[in-house]
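2 protein chains.
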Amino acid sequence: MELINYFRSSASYRVRIALAIKGLAYDYTSVHLANSEHLGAAWSGTLPAALVPVLKVAVGDGDGGGGGDGGGDGGGDAVLTQSMAIIEYLDETHPEPPLLPRDPLGRARVRALAQDIACEIHPLNNLRVLRYLVRELKVSEDAKNAWYRHWVETGLATVERQLAAQPATFCHGDTPTLADCVLVPQIFNARRFEARLDHVPQTMRVFERCMALEAFSSTQPSKCPDAE
Amino acid sequence: MELINYFRSSASYRVRIALAIKGLAYDYTSVHLANSEHLGAAWSGTLPAALVPVLKVAVGDGDGGGGGDGGGDGGGDAVLTQSMAIIEYLDETHPEPPLLPRDPLGRARVRALAQDIACEIHPLNNLRVLRYLVRELKVSEDAKNAWYRHWVETGLATVERQLAAQPATFCHGDTPTLADCVLVPQIFNARRFEARLDHVPQTMRVFERCMALEAFSSTQPSKCPDAE
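Chains A and B are the protein sequences, given in the same order.
End of the first sequence = 300 in the numbering used here, gap-free, step of one.
End of the second sequence = 300 in the numbering used here, gap-free, step of one.
This is chain A alone, in the form it adopts within the complex (with noise of 0.2 Å):
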């Protein structure tokens, strides 16, 4: 397998994280974001969406289920997108340890949990979005910092909320689900940009402890082989 992916995003951080609990290896290659590598010809037939990250899988190779039909070219490499997605297929494909509990109300929780982040706070602080904030709509700095801070001040309190309805020692249960690999990154971000986060205590409760392991640390950005 090979992980197309840059130090410092975190939705690379969270496919890190799952690769890592997961025990499995894999080729690093970095792409840089910020010099906008990922928009370069170089990269436009593998990064569909110009976004980090992808996951190329030799297919049938731990696809697990016979035939590679779905997410491939036809020849023999699948180019995997989207970080939930791509954390999802590695929990099919390689159940142990599970990233997902396994009744379907837990699934659903953790899903939930997961999309909180990334579908509420990380899009809209995501580095084309800034750009298109400053470039287009010409906002000033201490503007567009306000608004990367409301998001995720806002929207770590709605995970808050979730996480003191039901405490446990990660956000769900006793083991690192989906929902701790997209929590974990997204704190490396608000604190990044000095975002509050005395309001999150349980939050942050959380993510003290996934800090403690291994999967999380050895994979956070400072200790990447790109990270600057």
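Simulated from the structure, these hints should not be mistaken for lab results.
Treat each hint with caution, since some may be false.
So these bits of chain B aren't anywhere near chain A, every CB distance computed over 10 Å [unchecked claim]:
{"hint": "1", "residue": "D99"}
{"hint": "2", "residue": "R179"}
{"hint": "3", "residue": "R181"}
{"hint": "4", "residue": "R183"}
{"hint": "5", "residue": "A184"}
{"hint": "6", "residue": "Q187"}
{"hint": "7", "residue": "H194"}
{"hint": "8", "residue": "Y204"}
{"hint": "9", "residue": "W219"}
{"hint": "10", "residue": "H222"}
{"hint": "11", "residue": "F242"}
{"hint": "12", "residue": "D270"}
{"hint": "13", "residue": "E280"}
{"hint": "14", "residue": "M283"}
{"hint": "15", "residue": "P297"}
{"hint": "16", "residue": "E300"}
The calculated DSS-like cross-link candidates involving lysine-lysine, where the alpha carbons are at most 25 Å apart (straight line), are [stated by the list, open to error]:
{"hint": "17", "chain 1": "B", "residue 1": "K94", "chain 2": "B", "residue 2": "K128"}
{"hint": "18", "chain 1": "B", "residue 1": "K295", "chain 2": "B", "residue 2": "K128"}
{"hint": "19", "chain 1": "B", "residue 1": "K94", "chain 2": "A", "residue 2": "K210"}
{"hint": "20", "chain 1": "A", "residue 1": "K210", "chain 2": "B", "residue 2": "K216"}
{"hint": "21", "chain 1": "B", "residue 1": "K216", "chain 2": "A", "residue 2": "K216"}
{"hint": "22", "chain 1": "B", "residue 1": "K295", "chain 2": "B", "residue 2": "K94"}
{"hint": "23", "chain 1": "A", "residue 1": "K128", "chain 2": "A", "residue 2": "K295"}
{"hint": "24", "chain 1": "A", "residue 1": "K94", "chain 2": "A", "residue 2": "K128"}
{"hint": "25", "chain 1": "A", "residue 1": "K295", "chain 2": "A", "residue 2": "K94"}
{"hint": "26", "chain 1": "A", "residue 1": "K216", "chain 2": "B", "residue 2": "K210"}
We put the CB at the ideal spot given by N, CA and C, even for glycine.
With chain A fixed as given, assemble chain B onto it according to the hints.
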């Protein structure tokens, strides 16, 4: 089951389509988003993120997994949030007809297509985001509409490349999936804001094919009890 939703909310429409494909009956409860009804005290206990849709399900009744320790409040109902998580829950508890392919690569492709819309287009054009642009950033009506169309048009171009690379009756294969449940409501939004759609012919072909089905046409915004 009770679906708390709003006729014009595209995330709500996704779930209405899935419920219709599964042939599941439900109570329709409307929350008027445009009037900010969802932000009022009456709803604060039921809508954890002040977002719709929310699906209330009786615990032990159709959860298919025994036990209700997952998504609820410990009472008789579980409150499910986030449209894609709700649809996956419906698919797990009511497997026929399936809304995801059987093979892991196919499932990854369908989830990624859904997330290309639900994580890259829709969050940027949510009502609360448009309000922030206008109220906090003092963006003009024209600039707000240009923002809306920018994310729809570039985001759908990403979807189009993937559909064109692997053409099928629907987004993936010859039956509707989660990806179609997410795509169709996005096209309704695109049309409402007069976004360009002539650059995404495969996408529009799939859209028209979906709309020929009762599950998509009978649940569209204009057919809802609270339609204006």
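Taking the hints in turn, this is what the structure says about them:
Distance check on B/D99: its Cβ is at least 19 Å (rounded) from any Cβ of chain A, clearing the 10 Å threshold; non-interface status holds. Residue-level check failed: B/R179 sits 7 Å from the nearest beta carbon of chain A, not beyond 10 Å. Residue-level check failed: B/R181 sits 4 Å from the nearest beta carbon of chain A, not beyond 10 Å. Taking the minimum C-beta to C-beta distance to chain A, about 4 Å, the non-interface status of B/R183 is violated against the 10 Å cut.
With a closest Cβ-Cβ approach of about 4 Å to chain A, B/A184 is found to fall inside the 10 Å limit, against its non-interface label. At the 10 Å boundary, the C-beta of B/Q187 falls inside the reach of chain A, the nearest C-beta of that chain being 4 Å off. Distance check for B/H194 against chain A: the nearest CB is about 8 Å away, which does not clear 10 Å, and the non-interface claim fails. Not every beta carbon of chain A lies more than 10 Å from that of B/Y204, the smallest distance being close to 7 Å; the non-interface claim is violated.
The Cβ of B/W219 does not lie farther than 10 Å from every Cβ of chain A; its closest approach is about 7 Å, which violates its non-interface assignment. The Cβ of B/H222 does not lie farther than 10 Å from every Cβ of chain A; its closest approach is about 7 Å, which violates its non-interface assignment. Interface exclusion of B/F242 from chain A stands, the closest Cβ pair being 14 Å apart, more than 10 Å. The claim that B/D270 is not at the interface with chain A holds, since no C-beta of that chain comes within 10 Å of its own (minimum 20 Å).
Every beta carbon of chain A lies more than 10 Å from that of B/E280, the smallest distance being close to 23 Å; the non-interface claim holds. Distance check on B/M283: its Cβ is at least 25 Å (rounded) from any Cβ of chain A, clearing the 10 Å threshold; non-interface status holds. The Cβ of B/P297 sits about 25 Å from the closest Cβ of chain A, beyond the 10 Å cut-off, so the non-interface label holds. For B/E300, the non-interface assignment is confirmed: its Cβ lies about 26 Å from the closest Cβ of chain A, beyond the 10 Å cut-off.
For the proposed pair B/K94 and B/K128, the alpha carbon gap of about 17 Å is at most 25 Å, so the pair holds. At roughly 22 Å between alpha-carbon atoms, B/K295 and B/K128 fall within 25 Å of each other, so this suggested pair holds. At roughly 47 Å between alpha-carbon atoms, B/K94 and A/K210 are farther apart than 25 Å, so this suggested pair is violated. This hinted pair checks out: A/K210 and B/K216 have alpha carbons roughly 13 Å apart, not beyond 25 Å.
A distance of roughly 16 Å separates the Cα atoms of B/K216 and A/K216; the hinted pair therefore holds under the 25 Å criterion. Of the pairs offered as hints, the one joining B/K295 and B/K94 holds, with about 19 Å between alpha carbons and a cut-off of 25 Å not exceeded. Of the pairs offered as hints, the one joining A/K128 and A/K295 holds, with about 22 Å between alpha carbons and a cut-off of 25 Å not exceeded. Between A/K94 and A/K128 the alpha-carbon distance is near 17 Å, which keeps this suggested pair within the 25 Å criterion.
Between A/K295 and A/K94 the CA atoms are separated by roughly 19 Å; this keeps the pair inside 25 Å, and the hint holds. Of the supplied pair hints, the one linking A/K216 and B/K210 holds, its CA atoms being roughly 13 Å apart against a limit of 25 Å.
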